[in-house]
Amino acid sequence: MGAIVEISRTIEGDQPDFRQHRRECRATGAATNEIAMNVQEATAGTQDVSRNIAGVSEAARTTGGVALRIRQDAEALQNEESGYGRRSSPSSRDPRSELTASSRANGPTRRKSEWRAWGAPFARLLKSPGF
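Sequential numbering of the sequence shown, starting at 0, is according to numbering that gives the first Met the number 0.
Mixed in with the good hints, there may be bad ones.
FRET-style restraints, in silico, Cβ to Cβ [stated by the list, open to error]:
(1) I34 x V55: 27 to 33 Å
(2) A53 x E23: 42 to 48 Å
(3) L67 x D47: 28 to 34 Å
Bear in mind the hints are in silico, worked out from the structure with no lab data behind them. Predicted, not measured: the structure shown is a model, and the values here were computed from it. Note that CB positions come from ideal geometry on N, CA and C, so glycine has one too.
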């Protein structure tokens, strides 16, 4: 009978350790859950950053395309302007004065067609996406 009493005392003496162990396990579980939630939030933030970077990259490509179109249209205008300069007198480099002079000589029909030809690159530029 003495052995049974001793075993009972040992078990009773160990119970606080079991309770403490249970509390520590619960605390560890709560900390693990909090870490998991933080990892999920960090993952969502990383995905947002990735989407933003993709958006910036797309905007840069679009801007580059628009810049290329503007440069091409500017070169086309320069080429057309140099063509007007060869036909006009050296003292008159303004296309409007040339058109006015040609309309006096050839009538208003030619003036409209010349303005259309001169304004076409502007129209393309204004209709281009992103402008």
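Which numbered hints fail: Checked against the structure, no hint fails, so every one of them is satisfied.
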